[in-house]
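A.B. asks: Read off the chains here:
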Amino acid sequence: MMLVLAVVVLAVGTLAFRLAGPTLRARVEISPRIETLMMVSVAVLFAALVATSSLVENQAFAGYARPAGVLVGGVLAWRKAPFVAVVLAAAGTAAVLRLLGVP
Amino acid sequence: MRSLWRTLDRALARDIALVCVACAFVGVSFGAITVSSGLPVWLPTLMSVAVFAGASQFMFVAIIASGGGLVAAVVTGLLVNTRLLPLGFAVGDVISGNWRQRLFGSHITTDEVAAFTMAQRDPGTRRAAFWGCGLGLFASWNLGVLLGAFGGTVIKDTNVFGLDAAFPAVLLALVLPSLKDGPTRRAAAVGVVIALATSPFLTAGAPVLLALVGVLASLGGDRFAAKKVAT
Numbered sequence: 000m001m002l003v004l005a006v007v008v009l010a011v012g013t014l015a016f017r018l019a020g021p022t023l024r025a026r027v028e029i030s031p032r033i034e035t036l037m038m039v040s041v042a043v044l045f046a047a048l049v050a051t052s053s054l055v056e057n058q059a060f061a062g063y064a065r066p067a068g069v070l071v072g073g074v075l076a077w078r079k080a081p082f083v084a085v086v087l088a089a090a091g092t093a094a095v096l097r098l099l100g101v102p
Numbered sequence: 000m001r002s003l004w005r006t007l008d009r010a011l012a013r014d015i016a017l018v019c020v021a022c023a024f025v026g027v028s029f030g031a032i033t034v035s036s037g038l039p040v041w042l043p044t045l046m047s048v049a050v051f052a053g054a055s056q057f058m059f060v061a062i063i064a065s066g067g068g069l070v071a072a073v074v075t076g077l078l079v080n081t082r083l084l085p086l087g088f089a090v091g092d093v094i095s096g097n098w099r100q101r102l103f104g105s106h107i108t109t110d111e112v113a114a115f116t117m118a119q120r121d122p123g124t125r126r127a128a129f130w131g132c133g134l135g136l137f138a139s140w141n142l143g144v145l146l147g148a149f150g151g152t153v154i155k156d157t158n159v160f161g162l163d164a165a166f167p168a169v170l171l172a173l174v175l176p177s178l179k180d181g182p183t184r185r186a187a188a189v190g191v192v193i194a195l196a197t198s199p200f201l202t203a204g205a206p207v208l209l210a211l212v213g214v215l216a217s218l219g220g221d222r223f224a225a226k227k228v229a230t
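From first to last, the protein sequence lines are chains A and B. Position 65 (the first sequence) corresponds to 64 in numbering that gives the first Met the number 0; numbering is contiguous. Position 12 (the second sequence) corresponds to 11 in numbering that gives the first Met the number 0; numbering is contiguous.
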């Protein structure tokens, strides 16, 4: 029972975070300056998310295979490779490195 | 709705489908890990439908399974999901219709959905990317979790397939075009340094939020440039 309650609290809180932006936008006019600031914020957020989820796990170094995979994917994306190639190359690199015993 | 699918061009639909397939595999592992760590079989399914935020779900289950307590699990999950606030703000324009659309649209907003939407410019394509990716991920994630919860431990460690590298690469590929802009790139660089420097000391979620301080770097640069032009 307590477990259900915990899931409900997490679900409601998460929905509140998600709902705040769209609700605010529906009520007030957003200036172009704020709009630009939001786009920069999201880019910063994603960049930080990419960096931490590639390199960190449980507050420690995540090993070499994962960041190597992301790096290969990133280089391909930068060279304008198709999205599918980027994703498969990232996963493939990490998988092969692990197969070879790289942590 | 029909016009929505027509706007979703084939290349974009294929890219979204790929992410959905990868997401389904991670869903299978979430279902399997949760059940095999001794938690009830309904938990992964309930969470996936009601919370629908992968990273926080893994955190929640890991904390409870290791005896960390419900309050800690909820607080950590909420902290990890705080980033959804700015994401919702950034893609909120595509779900500004009636309240039902806004409610369900908000619920299916994830990193990948926001990233796919953000990568499109034209309003029609933005809507198509948002709903195509959102609905696709909601369906594939929940289906995967259901399979994992009831199907047992077929796939437990998706790292073997390198899926842990695939998801950051997805976000990286989608965010890369916006980093062409100088001030945005500066802000992102500062944000990345802050997030990496603080992540050994802070719980998951917090470093990414702190990275937002980097946004100041984009403002400072503007003012600096303006001053240089003035003098």
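Hints should not be assumed to be uniformly reliable.
To be verified - Listed below are several chain A residues computed to face chain B (Cβ distance under 8 Å; list not exhaustive):
{"hint": "1", "residue": "M0"}
{"hint": "2", "residue": "L2"}
{"hint": "3", "residue": "A47"}
{"hint": "4", "residue": "V101"}
{"hint": "5", "residue": "P102"}
No wet-lab data here; the hints were simulated from the structure. Here a beta-carbon is modelled for each residue, glycine too, at the ideal position from N, C-alpha and C.
A.B. asks: Indicate, hint by hint, whether the structure satisfies it.
C.D. replies: Verification of the supplied hints:
{"no.": "1", "hint": "M0", "in the structure": "11 Å, violated"}
{"no.": "2", "hint": "L2", "in the structure": "7 Å, holds"}
{"no.": "3", "hint": "A47", "in the structure": "3 Å, holds"}
{"no.": "4", "hint": "V101", "in the structure": "12 Å, violated"}
{"no.": "5", "hint": "P102", "in the structure": "10 Å, violated"}
Against the hints set out earlier in the document, violations occur for numbers 1, 4, 5.
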